[in-house]
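Colleague: For the record, the sequence lines run as chains Y and U.
Here the first sequence is numbered in full-length UniProt numbering, starting from 1 and rising by one per residue.
Here the second sequence is numbered in full-length UniProt numbering, starting from 1 and rising by one per residue.
Any given hint could turn out to be false.
Stated by the list, open to error - Just so you have them, the derived chain U footprint on chain Y, three or more residues with Cβ under 8 Å: (1) 192–205; (2) 251–260; (3) 384–395.
Stated by the list, open to error - Subject to a maximum C-alpha distance of 25 Å in a straight line, what follows is the list of computed DMTMM-like cross-link-like pairs (lysine to aspartate or glutamate): (4) 189(U) to 153(U); (5) 100(Y) to 69(Y); (6) 404(Y) to 85(U); (7) 286(U) to 137(U); (8) 96(U) to 386(Y); (9) 284(U) to 69(U); (10) 404(U) to 85(Y); (11) 339(Y) to 176(U); (12) 339(Y) to 70(Y); (13) 142(U) to 176(U); (14) 142(Y) to 374(U); (15) 278(Y) to 386(U); (16) 96(U) to 389(Y); (17) 278(U) to 137(Y); (18) 159(Y) to 211(Y); (19) 142(Y) to 179(Y); (20) 66(Y) to 389(U); (21) 159(U) to 137(U); (22) 149(Y) to 92(Y); (23) 96(Y) to 386(U); (24) 278(Y) to 85(U); (25) 66(U) to 389(Y); (26) 96(Y) to 153(U); (27) 142(U) to 375(Y); (28) 189(U) to 143(U); (29) 142(U) to 374(Y); (30) 371(U) to 408(U); (31) 339(Y) to 386(U); (32) 278(U) to 70(Y); (33) 278(Y) to 123(U); (34) 142(Y) to 112(Y); (35) 278(U) to 386(Y).
FYI, nobody ran anything at the bench for these hints, they're computed from the structure.
Just so we're clear, the structure is a prediction, and the values are computed from it rather than from any experiment.
We treat Cβ as the ideally placed atom computed from N, Cα and C, and that holds for glycine.
Number of protein chains: 2
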Amino acid sequence: MTPPPAQQNGNGAAVESIHTPSAYGPKYADFLSRVDNFSIIESTLREGEQFANAFFDTETKIAIAKALDDFGVEYIELTSPAASEQSRQDCEAIAKLGLKAKILTHVRCHMDDARIAVETGVDGLDVVIGTSSFLREFSHGKDMTYITKQAIEVVNFIKSKGLEVRFSSEDSFRSDLVDLLNIYRAVDKIGVNRVGIADTVGCANPRQVYELVRTLRGVVSCDIECHFHDDTGCGIANAYAALEAGATHIDTSVLGIGERNGITPLGGFCARMYVANKEYVMGKYKLHKLRDIENLVADAVQIQVPFNNYITGYCAFTHKAGIHAKAILNNPSTYEILKPEDFGMTRYVSIGHRLTGWNAVKNRVHQLGLKLNDDDVKAVTAQIKELADIRPLNIDEVDTLLRKFHEDKKVGQESAAMSADDDEPN
Amino acid sequence: MTPPPAQQNGNGAAVESIHTPSAYGPKYADFLSRVDNFSIIESTLREGEQFANAFFDTETKIAIAKALDDFGVEYIELTSPAASEQSRQDCEAIAKLGLKAKILTHVRCHMDDARIAVETGVDGLDVVIGTSSFLREFSHGKDMTYITKQAIEVVNFIKSKGLEVRFSSEDSFRSDLVDLLNIYRAVDKIGVNRVGIADTVGCANPRQVYELVRTLRGVVSCDIECHFHDDTGCGIANAYAALEAGATHIDTSVLGIGERNGITPLGGFCARMYVANKEYVMGKYKLHKLRDIENLVADAVQIQVPFNNYITGYCAFTHKAGIHAKAILNNPSTYEILKPEDFGMTRYVSIGHRLTGWNAVKNRVHQLGLKLNDDDVKAVTAQIKELADIRPLNIDEVDTLLRKFHEDKKVGQESAAMSADDDEPN
């Protein structure tokens with residue numbers, strides 16, 4: 001039940017975060033940045049359950065929770081036990097599994113819900129209330145004084161039960177800044193573990209996130225959790241900006257599933273953080289299990305993993321243009337910021353198309369153990385490009401072509417005087 | 001051939017950009033920001049052709065070019081005519097269509113390629129060369145003096161033919177800053193129309209982009225184009241940060257297709273910019289045609305539009321949790337930053353699941369023309385939740401349940417004393 005030091009209330013971001021610059025990050029350390037020291041609150045079993053297709057039975061929830069725990073996420077968030085009787089029983093069942101990850105449930109900032117939730121055996125409660133004028137007018141109709149009073153009552157109650165507690169606003173980026181800072185400071189003072197910022201509608205952009213989080217970092221001493229919807233394509237970038245500003249916890253879901261088109265996806269977030277600090281991310285998460293977890297969830301909600309999904313999409317490590325293929329074969333870092341093998345994936349260099357280049361073809365010639373000099377390879381590359389200008393060739397067709405060329409050369413003489421001096425552009 | 005004022009060389013970002021603050025943007029105008037004054041360079045027919053699955057025949061290329069032109073993009077970029085004979089003929093064919101959009105082709109910074117390209121009838125050339133130490137070592141092996149000399153020769157040649165020309169580095173975020181600024185200033189001085197920054201490997205993050213673009217904005221007077229790969233989830237956010245910093249042109253492709261997992265997607269980019277300045281974006285692009293264009297391209301490259309695709313993904317406007325559904329029915333702006341009807345889409349509020357709330361159910365009751373009071377609706381909502389705890393109900397099943405409840409009530413008395421005081425959380 002005791003939170004580990006990194007998540008302790010009042011530890012202050014500045015105390016622990018010694019940012020060691022990476023090749024692609026800022027040159028000098030920023031002592032408030034938490035890019036090298038963050039926790040994931042994995043919300044597939046809460047936010048993810050709000051995805052249109054999602055219906056998780058108990059067995060599936062347990063399978064997903066175990067897979068996420070094995071992957072290494074620090075927290076697993078569950079649907080409110082007040083949502084339905086089965087939801088309540090599932091909280092109890094998952095809390096009993098004895099996972100390394102802490103189990104949280106996400107409830108309205110309301111004593112009725114808090115009372116049900118504290119009895120389920122979870123490690124902590126994530127409470128939320130809408131603070132934007134939109135939500136106050138059209139959702140619950142309450143004013144800030146009422147909201148603050150209620151927040152204090154609920155937070156004190158949860159703390160009195162010895163549980164971890166986060167207080168979050170909803171739609172934070174359309175809330176009044178002064179209202180937000182007031183309520184966060186009020187709950188920080190009574191010892192809340194985390195305050196939460198949520199871009200509930202997906203309107204925020206990274207520089208805006210950075211400013212809000214950095215402002216808040218100067219106001220509260222507790223941890224800061226952030227939750228970003230992806231409606232306008234900033235779900236991952238906002239999470240990164242929040243960590244740069246000193247946020248400590250990021251909400252994710254597998255494949256990003258959630259309300260509407262979802263939130264920061266676990267895989268894409270790992271890709272981003274891997275680039276910022278590979279050793280740190282590889283040290284705490286089993287990245288090679290991402291694909292299995294994504295397949296598990298995709299099956300459960302009956303969706304296909306998108307063709308362009310981060311890391312595991314089938315084209316994530318495919319190289320096509322001649323100039324790319326050439327450089328990749330010389331040194332994969334030229335066009336790859338993520339090493340496929342670190343994620344249990346493999347690289348594929350595509351050659352049977354009109355953008356191909358002779359360096360990539362030469363590589364294939366070597367793989368097949370054929371003996372052709374550079375002029376030969378240029379000649380056969382020109383043949384491939386000519387044929388592929390009509391329709392793309394698959395690898396078997398390319399191999400047949402290469403073998404035939406090699407055979408013909410052995411048998412007799414070959415016309416090979418071709419001009420292609422270098423790889424094609426693109 | 002004469003570029004419109006907004007794209008003219010030497011116009012300087014500050015002269016034209018009067019940033020009118022939006023509800024979700026910065027509160028005060030930033031005179032260097034181009035969030036309200038940018039152009040799209042649509043690269044589905046160049047970057048997109050580097051997508052693993054892409055093979056566009058001439059007819060398909062023309063169909064895509066016409067659709068993009070009709071949508072309103074300012075530029076269409078094509079694969080180099082030096083890539084293959086068919087690619088060259090396709091440049092000629094598309095240049096002849098007489099589209100409103102300017103036609104560009106993307107070539108290596110090399111006289112051989114430039115000579116072929118200027119004869120195709122396109123409006124301009126986008127030339128590119130690798131400037132990072134990675135690319136200089138493992139791709140083309142040339143030093144900066146050589147690169148600069150070559151750039152000047154090629155730019156001068158293209159200008160002498162009366163064509164628009166952009167000079168871009170490749171892998172800009174792993175290039176030496178001083179090298180970059182030197183070469184950009186050199187080509188700016190001889191009258192290049194645009195300089196280009198490219199995150200070729202997808203390693204950049206928004207604050208880094210903002211800093212580089214803003215630095216460059218102080219060094220060159222020409223326009224600034226940006227190209228962002230999406231390997232680590234920042235393709236859209238980086239484009240936005242670049243515009244905030246004063247970039248003028250953004251590269252996109254339909255569904256983001258391109259090398260590896262692709263670049264800034266046209267649809268997602270439009271979603272982001274719509275939030276920044278809805279009137280501006282709706283005034284220049286036919287947003288309701290996005291879905292058709294995406295379907296056209298998805299068919300051509302044999303992929304499925306991802307379930308979570310921006311705007312057009314099937315769940316983008318689906319609301320599920322009770323608390324969301326209630327507020328959405330009161331005022332869609334509460335949980336929607338994008339109006340579905342502006343994109344030719346429709347909203348769907350899902351109610352046959354255990355996270356449902358009585359306000360959403362009440363709305364359905366009204367739609368069906370049934371007469372039930374609030375206590376009745378709460379009672380039938382409890383029934384729905386109980387059934388949906390076992391498996392989700394489709395809308396027909398929910399309707400049947402509502403009608404039966406209504407019928408039973410008319411016939412006799414109904415047990416209706418339910419407690420659910422408010423919507424369920426989530």
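Colleague: Next, verify each hint and record whether it holds.
Modeller: Here is what the structure says about each hint:
1. Note: the stretch 192–205 of chain Y has 6 residues with beta-carbon separation from chain U under 8 Å; the three-residue rule is met and the coverage holds.
2. Three residues within the 8 Å Cβ limit are the bar, and the stretch 251–260 of chain Y against chain U gives 5, so the coverage statement holds.
3. With 7 residues carrying a beta carbon less than 8 Å from a beta carbon of chain U, the stretch 384–395 of chain Y meets the three-residue requirement, and the given coverage holds.
4. Our distance criterion of 25 Å between C-alpha atoms is met by residue 189(U) and residue 153(U), whose separation comes to about 13 Å.
5. For a cut-off of 25 Å, the pair hint linking residue 100(Y) to residue 69(Y) stands: about 6 Å separates their Cα positions.
6. Of the pairs offered as hints, the one joining residue 404(Y) and residue 85(U) holds, with about 24 Å between alpha carbons and a cut-off of 25 Å not exceeded.
7. Pair hint residue 286(U) plus residue 137(U) does not hold up; C-alpha atoms about 44 Å apart against a cutoff of 25 Å.
8. For the proposed pair residue 96(U) and residue 386(Y), the alpha carbon gap of about 24 Å is at most 25 Å, so the pair holds.
9. For a cut-off of 25 Å, the pair hint linking residue 284(U) to residue 69(U) stands: about 11 Å separates their Cα positions.
10. Taking the CA atoms of residue 404(U) and residue 85(Y), the gap is about 24 Å. The hint holds against a cut of 25 Å.
11. Restraint check for residue 339(Y) and residue 176(U): the C-alpha separation of about 23 Å stays at or below 25 Å, so the hint holds.
12. For the suggested pair residue 339(Y) and residue 70(Y), the alpha carbons sit about 22 Å apart, so the restraint of at most 25 Å is met.
13. The suggested pairing of residue 142(U) with residue 176(U) holds, with an alpha-carbon distance near 14 Å, which does not exceed 25 Å.
14. Between residue 142(Y) and residue 374(U) the alpha-carbon distance is near 21 Å, which keeps this suggested pair within the 25 Å criterion.
15. Taking the CA atoms of residue 278(Y) and residue 386(U), the gap is about 46 Å. The hint is violated against a cut of 25 Å.
16. For the suggested pair residue 96(U) and residue 389(Y), the alpha carbons sit about 21 Å apart, so the restraint of at most 25 Å is met.
17. With a C-alpha separation of about 24 Å, the suggested pair residue 278(U) and residue 137(Y) falls inside the 25 Å cut-off, and the hint holds.
18. Taken as a hint, the residue 159(Y) and residue 211(Y) pair is broken in the structure, with Cα atoms around 30 Å apart against an allowance of 25 Å.
19. Proposed proximity of residue 142(Y) and residue 179(Y) is supported: the alpha carbons are some 13 Å apart, at most 25 Å.
20. Restraint check: the Cα-Cα separation between residue 66(Y) and residue 389(U) comes to about 22 Å, which is no more than 25 Å; the hinted pair holds.
21. About 30 Å separates the Cα atoms of residue 159(U) and residue 137(U), which puts this hinted pair outside 25 Å; it is violated.
22. For the hint pairing residue 149(Y) with residue 92(Y), the CA-to-CA distance comes to about 29 Å; that exceeds 25 Å, so the pair is violated.
23. A distance of roughly 24 Å separates the Cα atoms of residue 96(Y) and residue 386(U); the hinted pair therefore holds under the 25 Å criterion.
24. A distance of roughly 43 Å separates the Cα atoms of residue 278(Y) and residue 85(U); the hinted pair therefore is violated under the 25 Å criterion.
25. Of the pairs offered as hints, the one joining residue 66(U) and residue 389(Y) holds, with about 22 Å between alpha carbons and a cut-off of 25 Å not exceeded.
26. Note on residue 96(Y) and residue 153(U): the hinted pairing is violated, with a Cα-Cα distance of about 71 Å set against a maximum of 25 Å.
27. Only pairs whose Cα atoms come within 25 Å are accepted, and residue 142(U) paired with residue 375(Y) is accepted, the gap being roughly 23 Å.
28. Between the alpha carbons of residue 189(U) and residue 143(U) the distance comes to roughly 21 Å, so the proposed pair stays at or under 25 Å and holds.
29. The suggested pairing of residue 142(U) with residue 374(Y) holds, with an alpha-carbon distance near 21 Å, which does not exceed 25 Å.
30. Distance check on the hinted pair: residue 371(U) and residue 408(U) sit about 12 Å apart at the alpha-carbon level, within 25 Å; holds.
31. A C-alpha spacing of about 47 Å is found between residue 339(Y) and residue 386(U), which places the hinted pair above 25 Å, so the restraint is violated.
32. A hinted pair counts as satisfied when its Cα atoms are at most 25 Å apart, and residue 278(U) with residue 70(Y) does not qualify at roughly 44 Å.
33. The suggested pairing of residue 278(Y) with residue 123(U) is violated, with an alpha-carbon distance near 44 Å, which exceeds 25 Å.
34. For the given pair, residue 142(Y) sits about 17 Å from residue 112(Y) by alpha-carbon distance, which is consistent with the 25 Å threshold.
35. For the suggested pair residue 278(U) and residue 386(Y), the alpha carbons sit about 46 Å apart, so the restraint of at most 25 Å is broken.
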